[in-house]
Amino acid sequence: MVLSGVTKRFGDVTAVDGMNLEIRDGEFFSLLGPSGCGKTTTLRMIAGFEYPTEGSVRIQGREMGLEPPNRRPVNTVFQSYALFPHMTVAENVGFGLKMRGVGRSEIAERVARALDQVQLAHRSDARPSQLSGGQQQRVALARALVNEPAVLLLDEPLGALDLKLRQAMQVELKELQERVGITFVYVTHDQEEALTMSDRIGVMNEGRLLQVGEPEAIYERPTSRFVADFIGHINLVTAECAGSGMVRIGDGAEVAVPGVQGAGGKVTIALRPERLHLTAPDADIPAGANRLRGVVRRRVYHGDGFTYEVAVAGTVLEVRTENTPGLVRYEAGSDICVYWDPSAANLVED
Amino acid sequence: MTGRWISRLLGLHSWAVYVFFYAPIAVLVFLSFNDNRLVTVWTGASLRWYREMLENDQVLSAIRNSLIVAGVSTIVSVVLGTAAALGLERFRWRGRRIFDGLLYLPIIIPDVTMAVMMLLFFVQVFGLVELAFGPKIGLGLATISLSHVAFNISFVAVVVRARLAGLDPALEEAAADLYADRRQAFLHVTLPLIMPGVLGGALLALTLSLDDVVITSFVSGPGSTTLPVYVFGLVKRGVTPLINAVSTVMLVASMLLVFVSLIFQRGDGKVPQGTRQ
Numbered sequence: 000m001v002l003s004g005v006t007k008r009f010g011d012v013t014a015v016d017g018m019n020l021e022i023r024d025g026e027f028f029s030l031l032g033p034s035g036c037g038k039t040t041t042l043r044m045i046a047g048f049e050y051p052t053e054g055s056v057r058i059q060g061r062e063m064g065l066e067p068p069n070r071r072p073v074n075t076v077f078q079s080y081a082l083f084p085h086m087t088v089a090e091n092v093g094f095g096l097k098m099r100g101v102g103r104s105e106i107a108e109r110v111a112r113a114l115d116q117v118q119l120a121h122r123s124d125a126r127p128s129q130l131s132g133g134q135q136q137r138v139a140l141a142r143a144l145v146n147e148p149a150v151l152l153l154d155e156p157l158g159a160l161d162l163k164l165r166q167a168m169q170v171e172l173k174e175l176q177e178r179v180g181i182t183f184v185y186v187t188h189d190q191e192e193a194l195t196m197s198d199r200i201g202v203m204n205e206g207r208l209l210q211v212g213e214p215e216a217i218y219e220r221p222t223s224r225f226v227a228d229f230i231g232h233i234n235l236v237t238a239e240c241a242g243s244g245m246v247r248i249g250d251g252a253e254v255a256v257p258g259v260q261g262a263g264g265k266v267t268i269a270l271r272p273e274r275l276h277l278t279a280p281d282a283d284i285p286a287g288a289n290r291l292r293g294v295v296r297r298r299v300y301h302g303d304g305f306t307y308e309v310a311v312a313g314t315v316l317e318v319r320t321e322n323t324p325g326l327v328r329y330e331a332g333s334d335i336c337v338y339w340d341p342s343a344a345n346l347v348e349d
Numbered sequence: 000m001t002g003r004w005i006s007r008l009l010g011l012h013s014w015a016v017y018v019f020f021y022a023p024i025a026v027l028v029f030l031s032f033n034d035n036r037l038v039t040v041w042t043g044a045s046l047r048w049y050r051e052m053l054e055n056d057q058v059l060s061a062i063r064n065s066l067i068v069a070g071v072s073t074i075v076s077v078v079l080g081t082a083a084a085l086g087l088e089r090f091r092w093r094g095r096r097i098f099d100g101l102l103y104l105p106i107i108i109p110d111v112t113m114a115v116m117m118l119l120f121f122v123q124v125f126g127l128v129e130l131a132f133g134p135k136i137g138l139g140l141a142t143i144s145l146s147h148v149a150f151n152i153s154f155v156a157v158v159v160r161a162r163l164a165g166l167d168p169a170l171e172e173a174a175a176d177l178y179a180d181r182r183q184a185f186l187h188v189t190l191p192l193i194m195p196g197v198l199g200g201a202l203l204a205l206t207l208s209l210d211d212v213v214i215t216s217f218v219s220g221p222g223s224t225t226l227p228v229y230v231f232g233l234v235k236r237g238v239t240p241l242i243n244a245v246s247t248v249m250l251v252a253s254m255l256l257v258f259v260s261l262i263f264q265r266g267d268g269k270v271p272q273g274t275r276q
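As you go down the protein sequences, you meet chains A and B in turn. Number 74 in numbering that gives the first Met the number 0 belongs to position 75 of the first sequence; there are no gaps in the numbering. Number 146 in numbering that gives the first Met the number 0 belongs to position 147 of the second sequence; there are no gaps in the numbering.
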């Protein structure tokens with residue numbers, strides 16, 4: 000599926016701005032971003048509920064243009080599930096096949112198989128209102144998948160479920176996608192969901208696609224301040240270039256950052272809190288690591304770890320440590336040394 | 000004053016209200032079985048006035064007229080009213096807001112005003128038609144039906160819109176997503192889901208049409224008297240027990256309508272609006 004130069008304006012508001020994106024066959028692709036970033040509008044343009052103001056959407060090489068939703072090889076799992084309340088589960092799942100004129104016995108067979116796939120064969124005669132949220136979600140999935148679409152669109156489908164169920168469904172969805180081999184385009188504002196399930200993620204903000212990549216690339220090597228900040232916790236430090244591979248931060252301390260060139264320019268470096276390490280002020284650190292002396296300002300307990308706020312070199316860094324046995328704890332006010340491998344730092348655009 | 004006294008007073012009060020509501024009905028029904036020619040003098044039970052009603056050509060013709068007008072105006076106004084509700088609720092177009100306001104005008108306008116308006120309108124139009132093409136058209140069942148359609152559309156639209164407003168728009172999108180074209184999406188998803196509203200609107204239209212005296216009497220012509228207009232005419236010549244019998248029949252008919260509408264709307268609660276967030 001290819002989106003090229005797709006723009007959508009509602010009056011004066013530009014919801015999606017010049018989006019170029021290629022989604023591979025059989026891929027689990029997530030569109031991630033805060034609410035109002037244009038991800039749902041993008042999905043709706045692929046489904047055919049909205050038409051692009053400019054640009055083109057092609058699915059399996061076929062230009063979609065102004066094709067209405069019923070003539071596109073895609074199916075949608077709606078955020079509200081949108082199950083037809085006046086039909087049984089089986090009738091809901093068979094609706095698409097019935098509309099395409101598939102024979103009655105084939106419908107029955109494929110509906111049974113689809114419901115089997117989502118473990119709901121025993122509820123085929125129930126009404127949607129008699130099902131739990133998780134079951135309704137599965138019916139919505141079966142109703143879309145039974146049509147064997149080229150692309151399955153999912154609009155925050157887990158948003159209405161509670162945390163435990165959501166995590167279980169994440170695993171189930173990913174397994175299902177691998178089993179059926181259909182391209183999934185998954186819209187979410189939940190970074191954890193996107194990171195755990197996707198083959199690739201596209202991060203959006205204010206109508207623009209900022210970065211596309213595998214989950215690890217998005218997390219480890221964000222290219223912009225927004226992506227770095229939106230996904231997980233991160234320290235963003237403004238620095239001045241101080242010759243090849245070196246930057247000067249805060250009060251003038253120099254640290255090594257790969258990829259820095261020239262001198263005098265301003266850059267922003269991004270450091271994940273779990274990539275920073277704490278030790279006593281005069282302890283040995285691995286060779287080549289950056290080190291900064293500082294003072295612990297605050298320690299927060301999370302159960303599985305601690306977050307320290309450390310004042311160093313005229314700035315404040317967040318440092319995350321896992322709660323491993325024998326962990327040394329530092330009290331607020333104590334002198335400390337923060338060190339990290341230069342490769343942990345990442346340059347981002349503002 | 001204790002709580003017991005207050006609750007006794009409240010009980011008494013509700014009894015009073017119910018007596019006020021239903022005593023006249025009981026009196027009417029009771030007296031419709033009176034044998035005497037004088038309405039208020041009871042001489043014995045009989046079905047005399049019912050027999051007389053069924054032998055009275057004027058009454059029968061009035062009932063027939065009422066049913067024709069109610070049937071025609073209900074069918075036409077349900078189709079147009081539902082279409083209006085869909086147009087206002089589901090589509091965005093220029094002038095929608097103005098139409099939105101105008102649609103409810105017939106509900107607000109006093110009956111007499113509406114009646115005069117309709118009469119003037121018909122007279123003017125028919126005059127022009129006569130002038131231009133020659134044929135002379137008079138007032139009759141057609142003009143009564145048209146006038147009833149004119150006010151019923153608004154009532155149907157209000158009831159259907161309330162139902163549509165509670166419907167998740169994603170349901171119609173889901174139908175389109177599942178290969179239904181517009182016609183199929185309407186027939187298989189939208190219409191079944193707004194059906195309770197459509198039927199409710201239809202019964203409301205039917206009742207209003209069967210009840211109407213003021214507008215009908217203005218726009219009716221010779222031979223097109225409806226039942227309520229006929230009853231009204233009878234009263235002017237003094238109350239006879241025949242009126243009691245006719246009124247009792249109308250009462251039973253409208254109660255049956257309400258009963259039928261309740262049956263239609265039963266199970267309505269079991270149809271949820273889809274889970275909305």
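Hints are computed from structural coordinates only; laboratory data are not their basis. We put the CB at the ideal spot given by N, CA and C, even for glycine. You may find that some hints are simply not true.
With beta-carbon atoms standing in for the labels, derived distance ranges [claimed, not checked]: (1) 66(A) - 141(B): 44 to 50 Å; (2) 33(A) - 96(B): 29 to 35 Å; (3) 67(B) - 147(A): 31 to 37 Å; (4) 306(A) - 97(B): 55 to 61 Å; (5) 158(A) - 185(B): 26 to 32 Å; (6) 224(A) - 105(B): 55 to 61 Å.
A few chain B positions that, by computed beta-carbon distances, are all more than 12 Å from chain A [stated by the list, open to error]: (7) 36; (8) 92; (9) 120; (10) 122.
*Go ahead and decide if the range 44 to 50 Å is satisfied by the Cβ distance of residue 66(A) to residue 141(B).*
holds (46 Å)
_Cβ distance range 26 to 32 Å for residue 158(A) and residue 185(B), holds or violated_ = holds (29 Å)
*asked:* For residue 120(B), is the shortest CB-to-CB distance to chain A above 12 Å, so the non-interface label stands?
replied: holds (40 Å)
*Does the Cβ-Cβ separation between residue 306(A) and residue 97(B) fall within 55 to 61 Å?*
Holds: the Cβ-Cβ distance is about 59 Å, inside 55 to 61 Å.
*Take the C-beta atom of residue 33(A) and the C-beta atom of residue 96(B), compute their distance, and say whether it sits inside 29 to 35 Å.*
holds (33 Å)
*asked:* Please check whether the beta-carbon of residue 92(B) is more than 12 Å away from every beta-carbon in chain A.
replied: Its Cβ never comes within 12 Å of chain A, the nearest being 15 Å, so this holds.
*Minimum Cβ distance from residue 122(B) to chain A greater than 12 Å, as the annotation requires*: holds (47 Å)
*Mind verifying the non-interface call on residue 36(B)? Its CB should be farther than 12 Å from each CB in chain A.*
holds (56 Å)
*Kindly confirm whether 31 to 37 Å is satisfied by the beta carbon distance between residue 67(B) and residue 147(A).*
54 Å Cβ-Cβ, so the 31 to 37 Å window is violated.
*asked:* Please check whether residue 224(A) and residue 105(B) have a Cβ separation lying inside 55 to 61 Å.
replied: holds (60 Å)
This entry does not satisfy hint 3, going by the numbered hints stated previously; all others are met.
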